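Protein chains: 2
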Amino acid sequence: MANDTIQRVRTPAADERRFIEEALVAVGAPAGDAGLVAEILLASDLRGIESHGIARLRWFYVDRLRRGTIEAHPHATVLRETPTSLAIDAGNGLGHPASHRAMTRTIAKARESGVCFTTVRNSNHYGIAGYYAMMALPHDMIGISSTDSIHFAVPTFGRDKLLGTNPFAYAIPAGDEPPFVLDFATTTVTYGKLEVYERMGKPLEPGWAVDAEGATTTDATLARHSGALLPLGGYGTDGGGHKGYGLGVLSEILCGVLAGGAFGRGLSLIEGPEHVGGHTGHFFGAIRIDTLRDVADFKADMDAELRTFKSSRPAAGHDRVYVSGEIEHEHEIENAAQGVPHLPKVWDDVDALAAELGIRPMQRL
Amino acid sequence: MANDTIQRVRTPAADERRFIEEALVAVGAPAGDAGLVAEILLASDLRGIESHGIARLRWFYVDRLRRGTIEAHPHATVLRETPTSLAIDAGNGLGHPASHRAMTRTIAKARESGVCFTTVRNSNHYGIAGYYAMMALPHDMIGISSTDSIHFAVPTFGRDKLLGTNPFAYAIPAGDEPPFVLDFATTTVTYGKLEVYERMGKPLEPGWAVDAEGATTTDATLARHSGALLPLGGYGTDGGGHKGYGLGVLSEILCGVLAGGAFGRGLSLIEGPEHVGGHTGHFFGAIRIDTLRDVADFKADMDAELRTFKSSRPAAGHDRVYVSGEIEHEHEIENAAQGVPHLPKVWDDVDALAAELGIRPMQRL
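Protein chains in written order, with the working numbering: chain A, 323 to 687; chain B, 323 to 687.
Simulated from the structure, these hints should not be mistaken for lab results.
The model shown is predicted, which means the values in this text are computed figures rather than measured ones.
Please note: incorrect hints may appear among the correct ones.
Restricting the straight-line Cα-Cα distance to at most 20 Å, the calculated cross-link-like pairs of lysine to aspartate or glutamate (EDC-like) are [stated by the list, open to error]:
(1) B/Lys632 x A/Glu499
(2) B/Lys483 x A/Asp641
(3) A/Lys483 x B/Asp337
(4) B/Lys632 x A/Asp482
(5) A/Lys667 x A/Asp560
(6) A/Lys483 x B/Asp482
(7) B/Lys524 x A/Glu535
(8) A/Lys483 x A/Asp641
(9) B/Lys483 x B/Asp641
(10) A/Lys524 x B/Glu527
(11) B/Lys632 x B/Glu652
(12) B/Lys667 x B/Asp337
(13) B/Lys483 x A/Glu593
(14) A/Lys632 x A/Glu499
(15) A/Lys632 x B/Asp482
(16) B/Lys483 x B/Glu517
(17) A/Lys667 x A/Glu678
(18) A/Lys515 x A/Glu499
(19) B/Lys515 x A/Asp625
(20) A/Lys632 x B/Glu596
(21) A/Lys515 x B/Asp641
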């Protein structure tokens, strides 16, 4: 999120979408797939989650398609299907279209059966977990989404990197209030945060990272180059680190083991040119609210519940209590109106990519 | 958990079960209900979760039945039912039998439909969340359980107590390995931990609690008498406190709002004689593994996944990496063989209760 003071450059949302689509088509992706990636990267940037938007376009998607570690024309297959379940092999294609189609089918099946869970194996990085969970909202369903990821974190009292940032997302509709959207990594912070702190020469907060021996450290350089992240709750068990560790394993069980895909030391995701495709797995769910309660009553009570928190007294030094998804919702409204903001470094990369691929650069506002 | 050095007294598991059952029958509970409470409190003590076992028998169940704030003969009703869902009103009865029956039906429905989610409203304290999730294990299902609770914690950057310890539990079967059982409060610590630290005169860890103004504090007395607990992740957002806060709200949405029961400021649970019954809600789920993957393959891979963590290198100063549920599983084996351990204070309470109710005291080993 834009919690710094660096000036952003803005672009119209429609032009960011156009740019991403053209870039992916230029490296061989079908137009339909490119459009879905564009939609989801744009949604991330609109919601203020800059780390998962266009900033990843080159390194995570364009370059991997060019190198062929992601299949531009994957052969996806259904491994197992019942009225309440779907298990898909994504054929090592782009993660976003595979996931968008998986969640679309999950919702359709939940409409018939009340609930559906879906696994996707042999996929790739899918962007923000929350996007897929939020797809359930217009259907008056609760949406669930998780993905495993490259291993950045140690288990509690361990020193081997065995856990990804493994996010979980839950989206629940309200009435007049914006929906409740909880989308969180099961590590305390992301790897990107270590990079930012190293660049600023700032010590890390305790509970974020360990050194090579698994001992807690606040040295960003040490943590980044020979250490690892810690699970949500921090080092050891005092702050509940074993809970974040358990949630991280839960994600890998659902997205890896249950999906019949890569997991454990076999999940050898690597960033950069050594990246191996198809190791990522996802988990999706949709639950129809009216199978448990009248939807209008539920939404009215959701408004009341969310307002209870929002209208509660802030702590000393703070002026507002937020609920999950509220800040992102406000970013979305602001950025849709004023243009999508990007860091100067991201603009430079996007401009260079445009020149390289021979497509029209993204429009600056 | 028994992470202190106080000497315990042990009792045979069968006699603890007998004692709890007789105590509840003595205050008017039907034998079947009393047996289920006994089964679940005993399971908690066997697993080393002393806070949720017989230690609560008098204050949470016997006294509330005597005062009539919990109905001994509740009239439970089904509010809504589909092949994949069940919504129950527990009629303000004991939480354990209502939850045991709800999870039993959840599993039966999941056997037919592949998956089922169940809400229970107008219930009471149900003990350990993990028990109900674990009921799914012998059926080769993933079990899910959550409950809302008395409000002890503030939202991120807030000062009003609006969140319970709101635990989530997930149980997933393995093959030769013990199952993966993640059962965690969405607060950093429980209220009981503040009491223990106050008694010892020890400062709290940062991230556990706030004072009356919502500012972080390590003063146990201050926190306990005028402050509140913090969500998992601690104060503010640096350690991910907003994630624990979101998980706490998620639990209250599922157990309160979706169940059509009490939530928000209407969830006025109070301990002690002012307790009002029927404000607690629960959420249960069961997912049949074979709807997504062959069970034998899944279990073999679960063994491999759990062993990956267990065989990984421990951090400096530690000799072992555990997985979720492993420590409790080892307690269970030890305590079933050697007798269930209890603190001297708990024994005194149990002996006093025996005399008061005219039932045979629990046997000391």
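Hints, verified against the model:
{"no.": "1", "hint": "B/Lys632 x A/Glu499", "verdict": "45 Å, violated"}
{"no.": "2", "hint": "B/Lys483 x A/Asp641", "verdict": "17 Å, holds"}
{"no.": "3", "hint": "A/Lys483 x B/Asp337", "verdict": "45 Å, violated"}
{"no.": "4", "hint": "B/Lys632 x A/Asp482", "verdict": "11 Å, holds"}
{"no.": "5", "hint": "A/Lys667 x A/Asp560", "verdict": "39 Å, violated"}
{"no.": "6", "hint": "A/Lys483 x B/Asp482", "verdict": "38 Å, violated"}
{"no.": "7", "hint": "B/Lys524 x A/Glu535", "verdict": "29 Å, violated"}
{"no.": "8", "hint": "A/Lys483 x A/Asp641", "verdict": "39 Å, violated"}
{"no.": "9", "hint": "B/Lys483 x B/Asp641", "verdict": "39 Å, violated"}
{"no.": "10", "hint": "A/Lys524 x B/Glu527", "verdict": "23 Å, violated"}
{"no.": "11", "hint": "B/Lys632 x B/Glu652", "verdict": "14 Å, holds"}
{"no.": "12", "hint": "B/Lys667 x B/Asp337", "verdict": "18 Å, holds"}
{"no.": "13", "hint": "B/Lys483 x A/Glu593", "verdict": "43 Å, violated"}
{"no.": "14", "hint": "A/Lys632 x A/Glu499", "verdict": "11 Å, holds"}
{"no.": "15", "hint": "A/Lys632 x B/Asp482", "verdict": "11 Å, holds"}
{"no.": "16", "hint": "B/Lys483 x B/Glu517", "verdict": "17 Å, holds"}
{"no.": "17", "hint": "A/Lys667 x A/Glu678", "verdict": "17 Å, holds"}
{"no.": "18", "hint": "A/Lys515 x A/Glu499", "verdict": "31 Å, violated"}
{"no.": "19", "hint": "B/Lys515 x A/Asp625", "verdict": "33 Å, violated"}
{"no.": "20", "hint": "A/Lys632 x B/Glu596", "verdict": "28 Å, violated"}
{"no.": "21", "hint": "A/Lys515 x B/Asp641", "verdict": "30 Å, violated"}
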